[in-house]
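Enquirer: Sequence:
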Amino acid sequence: MGDSPDQGEDENFASYHQEWAKYASTPIFLHFLVILIMQNDNFSLLRAQESLKERLVLEDDFSWGISSQESPSEDGSAREKLKYIGGVDISFLKKDPSLACGALVVLDSDTLNVVHEEFDVARLHVPYVPGFLAFREAPILLGLLDKMKFNAHPFYPQLLMVDGNGLLHPRGLGLACHLGILANLPTIGIGKNLHHVDGLTQSKVRRCFEASGTYDEDLIPLIGKSGKTWGMAMHSSHSSSKPIYVSIGHRISLGSAIMIVKSSCKYRIPEPIRQADIRSKAFLQEFQGVTNLVKPSHSLPYS
436 MGDSPDQGED ENFASYHQEW AKYASTPIFL HFLVILIMQN DNFSLLRAQE SLKERLVLED
496 DFSWGISSQE SPSEDGSARE KLKYIGGVDI SFLKKDPSLA CGALVVLDSD TLNVVHEEFD
556 VARLHVPYVP GFLAFREAPI LLGLLDKMKF NAHPFYPQLL MVDGNGLLHP RGLGLACHLG
616 ILANLPTIGI GKNLHHVDGL TQSKVRRCFE ASGTYDEDLI PLIGKSGKTW GMAMHSSHSS
676 SKPIYVSIGH RISLGSAIMI VKSSCKYRIP EPIRQADIRS KAFLQEFQGV TNLVKPSHSL
736 PYS
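So the number in the numbering used here is just where the residue sits in the sequence shown, counting from 1, plus 435.
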């Protein structure tokens, strides 16, 4: 009995996405995504997400140790320490929202000083579709990581904090999960606003904080109607009553993610992401200043 057309299509689709990590930041891949989105082919995008989700790891999967967990490795030797934490963010030009600056900063985990930074200015041809943000933003960020990895940079991050959600996503695969899987890095998602999933709302979280009686570094588990824990609402600074929303990205447990985020905060937003945000905006302004000096008949070499 011959294979059905649907079966052949599924095999081709699965085969394509086995190579996703290799091609995720290439023009061919971006062209493929643009076609799917322009055709409103959300079904194929959903299947793409599901193919990635099969590779998601929601527990600690790293060799280094966290400062507050000074324990030896399984063979009794001293564990490598978490030293370099990366933060990624994207800023957009107000006059031209398709023009974006991706930033990757790497901080020393002890001092929270920036030890390295990478930038890329690009035109994002993939439009934004709710629930599929990673298809638009992941390629430029993967390119920054690939650049460091290709150059065998000594400050290549051991862990990545992402300005965007991880597991806290309608289908449990936000930008932080996407990046973690494709870059094969432990990642943590940091949301500034609550993604409403599984009955979770900001008003419910606010009532939980009020019931706890304190706003000083409180933690409220984000447990949905289904009983699933999607992440943690965290008051990370004494100077702000607004929580941040921490969720697993990839290759890390929620408990470890919370410990690392707590140790990385000077203000409300963890320092790796705060610095990526500040520096991407500054770089984009500088880039805009340069382009304003160029005559309209010329163009700068951004994609």
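Derived by calculation from the structure, the hints in this document are not laboratory data. Among these hints, one or two may not hold up.
Stated by the list, open to error - Once the Cα atoms are required to be at most 25 Å apart in a straight line, the calculated DSS-like pairs of lysine-lysine come out as:
hint, residue 1, residue 2
1, K530, K518
2, K697, K530
3, K627, K584
4, K677, K701
5, K677, K582
6, K516, K488
7, K529, K639
8, K584, K516
9, K677, K488
10, K701, K627
11, K660, K627
12, K627, K697
13, K582, K639
14, K627, K663
15, K701, K516
16, K716, K701
17, K488, K701
18, K530, K582
19, K518, K663
20, K639, K677
21, K530, K660
22, K697, K529
23, K584, K639
24, K488, K660
25, K663, K677
26, K716, K627
27, K639, K516
28, K516, K582
Quick caveat: nothing in here was measured; it's all calculated off a predicted structure.
Enquirer: Hinted pair, alpha-carbon criterion (25 Å max): K663, K677. Please report holds or violated.
Expert: Holds - the C-alpha atoms of K677 and K663 are around 23 Å apart, at most 25 Å.
Enquirer: Take a quick look at whether K677 and K488 sit within 25 Å of each other, Cα to Cα.
Expert: 30 Å, violated
Enquirer: What's the verdict on K677 and K582, does the C-alpha distance respect the 25 Å limit or exceed it?
Expert: 35 Å, violated
Enquirer: Taking only the CA atoms, is the gap from K530 to K582 under or equal to 25 Å?
Expert: Cα-Cα ~28 Å, so violated.
Enquirer: Between K639 and K516, is the straight-line Cα distance small enough, at 25 Å or below?
Expert: At roughly 38 Å apart (the allowed maximum being 25 Å), K516 and K639 break the hint.
Enquirer: Taking 25 Å as the top limit, are the C-alpha atoms of K518 and K663 close enough?
Expert: Answer violated: K518 to K663 is near 32 Å, above 25 Å.
Enquirer: For a C-alpha distance cap of 25 Å, please report whether K697 and K530 respect it.
Expert: 36 Å, violated
Enquirer: Check the hint pairing K701 with K516 against an upper bound of 25 Å on the C-alpha distance.
Expert: Distance of about 21 Å is within 25 Å: holds.
Enquirer: If you draw a straight line from the CA of K582 to the CA of K639, is it 25 Å or shorter?
Expert: With Cα atoms ~42 Å apart, K582 and K639 exceed 25 Å; violated.
Enquirer: Mind checking the alpha carbons of K516 and K488 for me, to see if they're no more than 25 Å apart?
Expert: 29 Å, violated
Enquirer: Against the 25 Å threshold, does the CA-CA distance of K716 and K627 hold or violate the hint?
Expert: 17 Å, holds
Enquirer: CA of K530 to CA of K660, is that 25 Å or under?
Expert: Answer violated: K530 to K660 is near 41 Å, above 25 Å.
In the structure shown, a violation is registered for the earlier hints numbered 1, 2, 3, 5, 6, 7, 9, 13, 17, 18, 19, 21, 22, 23, 27, in ascending order.
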